[in-house]
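S.K.: Below, each chain spelled out in residue letters.
Number of protein chains: 2
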Amino acid sequence: MLILHDNIESGNAFKVRLLLSQLGLSFKTIQYDVTKGETRTAEYLKHINENGRIQVIEFEDGKCLAESNAIIYYFALDTDFFPSDKWQQAQVMKWLFFEQYSHEPCVAVAKYILTMLPKDTPRRSEIPNLHTKGYDALNIMEDRLKDHDFLVADKYTIADIALFAYTHKAEMGGFDLSCFPAIVNWIKHVENTDGFVTMYPDGWSRS
Amino acid sequence: MLILHDNIESGNAFKVRLLLSQLGLSFKTIQYDVTKGETRTAEYLKHINENGRIQVIEFEDGKCLAESNAIIYYFALDTDFFPSDKWQQAQVMKWLFFEQYSHEPCVAVAKYILTMLPKDTPRRSEIPNLHTKGYDALNIMEDRLKDHDFLVADKYTIADIALFAYTHKAEMGGFDLSCFPAIVNWIKHVENTDGFVTMYPDGWSRS
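For the record, the sequence lines run as chains A and B. Going by our numbering, -9 is the number at position 2 of the first sequence; the sequence numbering is gapless. Going by our numbering, 18 is the number at position 29 of the second sequence; the sequence numbering is gapless.
It is possible that some hints are incorrect.
Same chains, same label: a pair holds when it works inside one copy or across any pair of copies.
Stated by the list, open to error - Computed cross-link-like contacts, DSS-like style, restricted to lysine-lysine with a CA-CA straight-line distance of at most 30 angstroms:
(1) Lys135 x Lys177
(2) Lys52 x Lys75
(3) Lys177 x Lys144
(4) Lys122 x Lys158
(5) Lys52 x Lys122
(6) Lys25 x Lys158
(7) Lys144 x Lys108
(8) Lys122 x Lys108
(9) Lys52 x Lys35
(10) Lys25 x Lys122
Simulated from the structure, these hints should not be mistaken for lab results.
In isolation and in its complexed conformation, chain A is listed as follows:
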């Protein structure tokens, strides 16, 4: 069975959980606490990911694939979650790279600082800058979504999955989504797709 090296708090890992669930693929998860360095052990670096990050998928034969967007790309190939048209494929890629370069490093990191680190962490000083850049990213999404149901070709693709992951939890990072009606509407669209699963399982609470 597929194994997802996972962290329930990670939107990057959630992208993989969501897509695999929507594809009807069975997988088990192994949870890691990144704040305790569990993805930095010699064993993990050697066998799972030399980059010391989570969201790695391990196949039945032991092969591992890292980088959340590479994983969802791999599983989406030849399915409805990735367009067959080459131009549309390029648009999906544009959003995936936008997500990793301009969105995740702000929206996800703000959530991490505000929800995972101690309240007196000096990293709170990063928040204003993360908000400025994060709102820039959200504005770009809003601009696209104000007259489209989804990010590419008006169809639900891995571009939506990649951006949904941290956007729908952006308020945990102190972002106010009420200024983004198109994003709020798109979040509902994504939540209504077949086989949608939530990021945090029912009854889950942070220990």
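Position chain B relative to chain A; hints supplied.
M.R.: Using the frame of chain A, we list chain B on its own:
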């Protein structure tokens, strides 16, 4: 003719120049000075890239595609620069996302601070942290390249083009590549590929 909205100092733009040249595709470039906000004008944001960044390719019909790695993906499809094997495609993607998330934000930004900003910029305080993270990224490349000629499947692909762009100029950002013999060797391999062009044209100098 294709138009590349370009900046000669940008490794991201160089990825596109290198691939298009190696594919034998004709294109012209329009240069922008990002330090003067030339990619933040209302005109640019509206017609070229709402994200206000360079490395946008404009097609004959006026359509634009942003994000350097999405652009090289698009042009590499169905060519020798992108593998046909699905697992190898996923490996290429892994390196492209690694480049944008773990490599470029350190190796490229250090180059930018040390070569494009005034010598007394307060941003020089970021350099030690950028070097720590940048060396982590270079170590991961070294580990792969110590027994492989190229990053994926021992063939030259867009994974090499993406990582080559800023790696081969890492010393401009204060990185010492002499500790990375496999990377130094790989740089020579890339420079020997058919149709290779240099990042800075002959005779070019910073004004």
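S.K.: Take the hints in turn and mark each one as holding or not.
M.R.: Here's how the hints hold up against the structure:
no., hint, result
1, Lys135 x Lys177, "within (14 angstroms within a copy, 48 angstroms between copies)"
2, Lys52 x Lys75, "both (28 angstroms within a copy, 14 angstroms between copies)"
3, Lys177 x Lys144, "within (14 angstroms within a copy, 43 angstroms between copies)"
4, Lys122 x Lys158, "both (16 angstroms within a copy, 27 angstroms between copies)"
5, Lys52 x Lys122, "between (36 angstroms within a copy, 26 angstroms between copies)"
6, Lys25 x Lys158, "within (23 angstroms within a copy, 35 angstroms between copies)"
7, Lys144 x Lys108, "neither (40 angstroms within a copy, 49 angstroms between copies)"
8, Lys122 x Lys108, "both (22 angstroms within a copy, 25 angstroms between copies)"
9, Lys52 x Lys35, "within (12 angstroms within a copy, 44 angstroms between copies)"
10, Lys25 x Lys122, "both (28 angstroms within a copy, 19 angstroms between copies)"
Comparing the model with each numbered hint stated earlier shows that hint 7 is the single one that does not hold.
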